[in-house]
Amino acid sequence: MSKQAQHWEKTRGLLMMTLAIWFVFSIGIFLFGAEMESVTGPFGYPLTYWFTCQGSLGIFVILIFWFANRQEKIDEEFGFSERGDD
Amino acid sequence: MIKGNFIDNLPKVYGIYTGGFLAFIILMSIGEQMGMTSKAIGICFVAFTVCIYAIIGYLSRTAQADAYYVAGRQVPTVFNGMATAADWMSGASFVAMAGGIYFKGYGYMALLVGWTGGYVLVATLLAPYLRKFGCYTVPDFIGTRYGGNLSRFLAVVVLTVASFTYVTAQINATGTIASVALDIPFQYAVYVGLISILLCSMLGGMRGVTWTQVAQYIVLIIAYLLPVFWISNKMGAGFFPHFMLADEVARIGELEQQFGFVKNSAADLATVPKGLAGITKAHSAVNATPWAFISLALAMMMGTASLPHVMMRYFTTPSVKAARKSVGWSLFFIFLLYSSAPMLATLSKLSLIDPSLSTGIIGKSIAEVQAIDWYQNWNQANLMFVSDFNGNGTLELNEFFMGGKAVVLATPEIAGLPYVISGLVAAGGMAAAMSTADGLILAIANAISHDVYYKIIDPKAETAKRLVVARVLLVVIGFAGATIAAMEIQGILGSVIWAFDFAMSGLFFPLVLGVWWKRANKEGAVAGMALGLLSGLGYLIWVRNGGSGFLGITQLTFGIFGSAVSLVSMVVVSLITSEPSAATQKMVDEVRVPSGRTIIGKN
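Chain order of the listed sequences is A and B.
Positions in the first sequence are counted from 1; adding 2 to them yields our numbering.
Positions in the second sequence are counted from 1; adding 136 to them yields our numbering.
I should point out that these hints are in silico values taken from the structure, not numbers from a laboratory.
Lysine to any residue pairs mimicking SDA-like chemistry, simulated, CA-CA at most 25 Å apart:
no., chain 1, residue 1, chain 2, residue 2
1, B, K417, A, F45
2, B, K175, B, W366
3, B, K417, A, F34
4, A, K12, A, I76
5, B, K596, B, V293
6, B, K417, A, M38
7, A, K12, B, T734
8, A, K12, B, R728
What you are looking at is a predicted structure, and each value in this text was computed from that prediction instead of being measured.
Pulled out of the complex, with its shape left as it was, chain A reads as follows (with noise of 0.2 Å):
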């Protein structure tokens, strides 16, 4: 499998990995959201209300930059990161 193919396998799983655990947190457990609405969340509010105004919120922050770093990892591997700084 040539370099190039081997580096697009990679970034696909990635893709999937960031994917899925996007679907979790923004679809996933919105499912249930009568289920956790008794349990309380962090901080004391109810778990359903603290997912929609922060923690489902917050976990898409931290999980793009995990992904981008994630990313330019595979691209460094291969040899297809870009010179120079941002």
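Dock chain B against chain A, hints included.
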């Protein structure tokens, strides 16, 4: 004080700017102490900030295509993040969002999840690849990837439909704020707003818009957070509201139990002024079905990833790597405001409905409420209304009505904050609406000038001529938007949500599959854009005219239907027609690798 390259000095420049703005706020509060009228303070806030933006716009003037279309591709990640956040957070986010949460609670908060989760799609599926492509506009990517003028033209059509729907709402918002702050009639205020918007973008194009958007972000985030923290502290709810409002949220739940949600009769409701609403849904409790919540969030997420004015912000970063990081920063800066909106809604609601607080009005006599100063002000502004439906002389929860905007605009006054905060909030709302309007008008004008005029009509046009065309279009589109805004057809939020649905119907799959599916070809993309947009539009018209809809897809989520049609037609048509040329496939391979030259033009 400032030496050398402007880009290297950015932190210093904006540091001084922020300090200057804070000093201005302090100056205004001293002015208030010394007897400046509230009207003068409002005018000073709006006029001062708009002048600053105009100066930045003038200093960023340019005659180069690269600077005009993509800010010279040298905007650092963090600053691009701030600019995107301002570009993204519209008058609706700033003025209407906390109000929506106030009235509809959990069901409405699907928008918070949707408008942030969409950035994960932007970061993973699109932004870095479109940056590598080196295009000036989103239709530029579609036109080059799929080939042919038709695909390019259709992309411009979808972009224009979505962005234009959105921009009228933003010009409307600038008009509303300008008319209140400057005390002039709305019909004229709309054009005052428009001229302020054009001052930022006319001379410098994307470069001007970028640096004004950073400045506007700083104003709008200060204007949003300062009152939230202040009110929370003043009410004794906690010095850091985001972590400390659990008791308040629980207390609202208790009060809801106590008051109950009494349904008003249609005859009673007919006496309530248009646009005002009462609290009819639980604040934090789950009050929507999972599908209602998820479908709305999903539509907003896919719409986010298809809106060209957001995507084009990532064309301005220095590298592919920077584009990815920049998406993270954008969402971080958006998060600061979005996570505060529910807190503001909580504080606002509790201070109004809790009878044990001095500001609470539920349970007081109607006459007493009608005598309150702030009630009279906001009642006059048509944003508040009480009526004794059951004739017992006491105000009940179902007898109190408010406009969505009032939560952000009136809460500081209700909580007893000085007027300087209200002036600050007006400046913040203006900044939010202006920055989004600028991004949208620029996206439309650039697409028409670059993709229709330069790429299709006159490919030999010189740069100077292209930029003249771009600027003329900017003014024409701005005036068209303002003229429609002056007619006041829809509310701010309705049309904003439609824009997301239009964008996702026509553009989501053609963009995503352009990178991720090599087999996608021109015929497929044309079918996907045309059928997606038409079916989405058809569904909207059907539902608006009393159609029952299906699968629980409403007029707010019609993009789910449109994009499904788009996906199916694009895949089917691509597969029954011949595969893309070897050159196109090679181009896709190159897009997938960050290093090397961009596909279009020099790097």
